[in-house]
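Colleague: Read top to bottom, the protein sequences are chains A and B.
Going letter by letter, the first sequence gives residues 3 to 422 in the working numbering.
Going letter by letter, the second sequence gives residues 685 to 1228 in the working numbering.
Read the hints as simulated data drawn from the structure, not as lab findings.
Incorrect hints may have been included.
[What the hints assert, rightly or not] Computed cross-link-like contacts, BS3-like style, restricted to lysine-lysine with a CA-CA straight-line distance of at most 27 Å: (1) A/LYS420 / B/LYS823; (2) A/LYS61 / A/LYS131; (3) B/LYS1081 / A/LYS218; (4) A/LYS241 / A/LYS188; (5) B/LYS991 / A/LYS412; (6) B/LYS724 / B/LYS824; (7) B/LYS1081 / A/LYS412; (8) B/LYS823 / A/LYS412; (9) B/LYS978 / A/LYS420; (10) B/LYS824 / A/LYS131; (11) A/LYS218 / A/LYS241; (12) B/LYS978 / A/LYS131.
[What the hints assert, rightly or not] Over 12 Å on every C-beta distance to chain A, these chain B residues come out as not near it, computed from the model: (13) ALA738; (14) LEU780; (15) VAL814; (16) ALA979; (17) VAL1006; (18) ARG1022; (19) ALA1038; (20) LEU1086.
All figures in this text were calculated on a predicted structure; none of them were measured in a lab.
All residues carry an ideal CB built from backbone N, CA and C; glycine is no exception.
These are the residues of each chain, in order.
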Amino acid sequence: MRKTLFRTAAALAAVTMLAACSGGGDTPADPTTPAAPETSAAPAGASGALTIWVDENRKPAVQAAVDIYNETNPDVDVELVVKNFEDIRADFLAQVPTGEGPDITIGAHDWLGSFIVNGVAEPIDMGAKAAEFETVATQAFTYDGQMYGLPYALESIAVVRNTALVDSTPATWDEMIAKGKEAKTKYPFVINTNGTTGDAYTYYGLQTSFGAPVFKQNADGSYTSEIGMGGDAGLAYAKFLGENGMKGAGNFSTDWTYDVANQEFADGNAPYTIAGPWAIATFTGAGIDVAVDPIPSAGGQPAAPFVGVQGFYLSSQSDSKLIANDFLVNYVATANVIKALYDADPRLPAMTSVADQVASDPIVAGFLASAKQGAPMPSIPEMGDVWEYWNAAESSIISGSAEPEAAWNKMLADLEAKLG
Amino acid sequence: MSTQQSFNAVVAGDSPPPPRRARESHARSWDGLGVGFLAKLGLMAVINALGLAAIWSAFVGGAWVLLGAMVVLLVVADWIYFTKRQVPLKYLFPGLAFLAVFQLFTIGYTGYVALTNYGTGHNVSQEQAVDALLSQNEKKVPDSPSFPLTIVRQDGELGFAIVQGGAAKVGTADQPLELAPDATISDTVVTAVPGWEVVPKNQVLSDAALADEVLALRVPLSDDAADGSLRTGDATIGAVYRSVLTYDAAAQTMTNTETGVVYHATDQGQFVADDGSALPVGWKVFVGLENFGKAFTDDTYAGPLVKIIAWTFVFAIASVVVSFFFGLVLALIYNDPRVRGRAVLRTLFILPYAFPAFLSALLWRGMLNANPDYGIINQLFFFGARVEWLDDPTLAKVSLVLVNLWLSYPYWFLVCTGALQSLPDDVQEAARIDGAGRWRTFRSITLPLLLVSTAPLLIASFAFNFNNFTLIYMLTGGGPRFTDTSATLGHTDILISMVYQISGVSGGRADYGLASALSLIIFVVIGVISTLMFRRTRQLEEVN
């Protein structure tokens, strides 16, 4: 609104100036003194252009941030380019070196590894502001001591419970399944397996409860490039998958895709599911009341699901780095913009003060609690190679088409060969 | 008519040829009102204006290859359309230009990429890699506080003014930070320094050249470089940074100033130290034919490649043959005048053709779910049995061909219906009189005649299915996976989906060089097959 007002004012001023020029032929305007921006009544800000890549879902959220930015910087023309979220990483990698890429893109923190080795992301200095964010969020965007992105939202998965069928989520897997069976529904539990493709992401909380993280971690929580899924802990988890798979207890099934699992839960055919905040609308839309609890432990250790952090990356070939930095550090990294981002697209805010503000919602609080128990998804470049093998191994164990131990060991061998 | 007569007369030599006018190029001719000439002049003006605009923007953007290509195209265009000669080229040139821009360039560029190691870790030019490494390794000094920072200028030289411990300090690139006791401080920000002009943040942000200068400015904390220097990323906050790497452009080396390790630029496009450790960012270099060799010699790809090539042929041929004959049979049936309501039925048959293929494939994926609770195919047609349509290697292949049949028979139904209706009745009548039965007529008359008009379409359809990425990707995703190799490929992967897998675009670990080499191999295979088949088609035409 203010932007429009300013534009109108500027246009009026221009018309007046033109009129003055054409009218007063004997008093030519002095060309050496252009209208000084300081004397203008309108708010003075930077001028230039920014291009930001966003996906369809988050366009309103980023638009809200841009609107706040444009209130004080009306002369910066911010263009939001909507892309498929799945395409952003590859396009950013391909286009930044040619100079065609955006100044800023939205992205997930686990893209960082490939952005580093390809030299397309620019470090961002948030100064003291970094302390205002959740530690897991700033850690996720830090590589070798430097921050490469501005985090704004966390996402994590948790157990979602149908409150009409069960009253609580027990602390262990066996107890949860027993309680789920008491509910006398079609299944005691459903989970997205992504069909036969496999979905290690959704299962990861169960895996970590066996003490088998995907990569070994340093003392400070950062990941090494050494596979952590081997050994007895990994094999115990593989065995657990087989026992609960389609040739075992049937608590997992490769027939379940994202849509199928959510539909079964929304139809009241299962009291428990493991899902992310993005699925909640489907459930409440189907008219069921849900509660969100931490994932129970299957292997005895705490279940730590992956925490994904969403944020903004700055292109290393941007022509407007200063403006982009100014936009990110001085506008986006403020409580009111993070809140505006949350209002437009509810994801757990990465800024502590805003997270506390929105935690009054029990569902948000549930996911936040799960995120605090979780581990950041590794952003090391090697992570990109892991998914395909990992998903396939889990899927073949769950479907019963492969022996747990053999499939798991083959995955480890393939990964060792691939990662060198 | 009269032209024809006079032409015949000339040929016959009955009368002398009409006097030939000295022919002037219609480019410069001015007959009558000259409307045609003006129209052409206008068109060429527009083309020249567009061309010049493109050349200018290529010049501004520093895209020299594009600039050269545009200049050549524009000069050639002007020459062709303003010369007397080159009449055929006047018609051919637009097509040739588009061919060059959209086809030859793509092929050439793919060829170029196939000869490089372009991919993850080798994504940029060496210059960009050096920049990226330097900025990645210019690290904030641990525990460095952030200073509110003001940009100042003196005699055109930029400097930073900060407040440290309550006192103002000013420095430039050559002059380390010094106390400036006369400076005015308000709210921990320096607002004025005598002898210096304060550059407002907005001015810095609005002036791209100035912004670059500010970004590049490093103000040393002291004379000792080890103390680091002050830099800013947003013109308002400064912090102390120290560079860990230094670049020697002449020697092509990167030196780590903390450990003393020297990294040399290798011809593999990476900075590598003597102990074998490498810096993360590499750059694009020529690797020659390495990628072509890799596809056939690398164990992870060589085994699956053979199976995938075989399946690609089976899939493409089966898809075309099955759907062509199904479409043809339907066309024959619904071409019979005895069938009632043919118009309505024909419309119904075209329905699958009207849905976008990728959407249909996704729907089929859901319908073919092995669990009869979710997969309607098993529920309705297989009495709730668990048939693993997409998870069994053989059934997955059958499913693909069947779904492709469902997607493409309406096309062949349409084509065959049209072709059947255009067949001459007299030949078939003659056959009937000669005593040929239905089958004999079909085999010896109808089918050969039909093939004359549909064979080119069959070849095109084969080429399309050879590269039918959408269907594979949406229906099976290449799965079920091979269990005897560690390549992330599966039983239903065809060459193009294999290229996609290897290119790693989806996973963030891409190898565009290898993917381009494979694309070129596919291109050659399809080219050879199409040429051979079109040769055969010409033989068919001799039937006519």
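Colleague: Would you mind marking each hint as holding or not holding in the structure?
Modeller: Going through the hints against the structure:
1. Taken as a hint, the A/LYS420 and B/LYS823 pair is broken in the structure, with Cα atoms around 31 Å apart against an allowance of 27 Å.
2. Between A/LYS61 and A/LYS131, the direct Cα distance comes to roughly 25 Å. Compliance with the 27 Å bound is thereby established for this hinted pair.
3. The suggested pairing of B/LYS1081 with A/LYS218 is violated, with an alpha-carbon distance near 40 Å, which exceeds 27 Å.
4. Straight-line distance between C-alpha atoms of A/LYS241 and A/LYS188 comes to about 24 Å, which keeps the hinted pair within the 27 Å bound.
5. Distance hint between B/LYS991 and A/LYS412 is fulfilled; the C-alpha atoms sit about 21 Å from each other, no more than 27 Å.
6. About 64 Å separates the Cα atoms of B/LYS724 and B/LYS824, which puts this hinted pair outside 27 Å; it is violated.
7. The suggested pairing of B/LYS1081 with A/LYS412 holds, with an alpha-carbon distance near 25 Å, which does not exceed 27 Å.
8. A C-alpha spacing of about 40 Å is found between B/LYS823 and A/LYS412, which places the hinted pair above 27 Å, so the restraint is violated.
9. With a C-alpha separation of about 15 Å, the suggested pairing of B/LYS978 with A/LYS420 holds against the 27 Å cut-off.
10. As the CA atoms of B/LYS824 and A/LYS131 are separated by approximately 15 Å, the hinted pair is consistent with the 27 Å bound.
11. Distance hint between A/LYS218 and A/LYS241 is fulfilled; the C-alpha atoms sit about 21 Å from each other, no more than 27 Å.
12. For the hint linking B/LYS978 to A/LYS131, the alpha-carbon distance of about 49 Å lies beyond 27 Å, and the restraint is violated.
13. For B/ALA738, the requirement that its beta carbon stay farther than 12 Å from each beta carbon of chain A is met, with the minimum near 16 Å.
14. No Cβ of chain A approaches the Cβ of B/LEU780 within 12 Å, the least distance being about 27 Å, so the stated non-interface status holds.
15. Not every Cβ of chain A is farther than 12 Å from the Cβ of B/VAL814; the closest lies at roughly 9 Å, contradicting the non-interface assignment.
16. Its beta-carbon lying about 17 Å from the closest one in chain A, B/ALA979 satisfies the requirement of being farther than 12 Å from that chain.
17. Non-interface call for B/VAL1006 relative to chain A: holds, since the shortest CB-CB distance, roughly 25 Å, exceeds 12 Å.
18. The Cβ of B/ARG1022 lies farther than 12 Å from every Cβ of chain A, with a closest approach of about 46 Å, so its non-interface assignment holds.
19. No beta-carbon of chain A comes within 12 Å of the beta-carbon of B/ALA1038; the shortest separation is about 24 Å.
20. Every CB of chain A lies more than 12 Å from the CB of B/LEU1086, the least distance being 19 Å, so the non-interface label holds.
This entry does not satisfy hints 1, 3, 6, 8, 12 and 15, going by the numbered hints stated previously.
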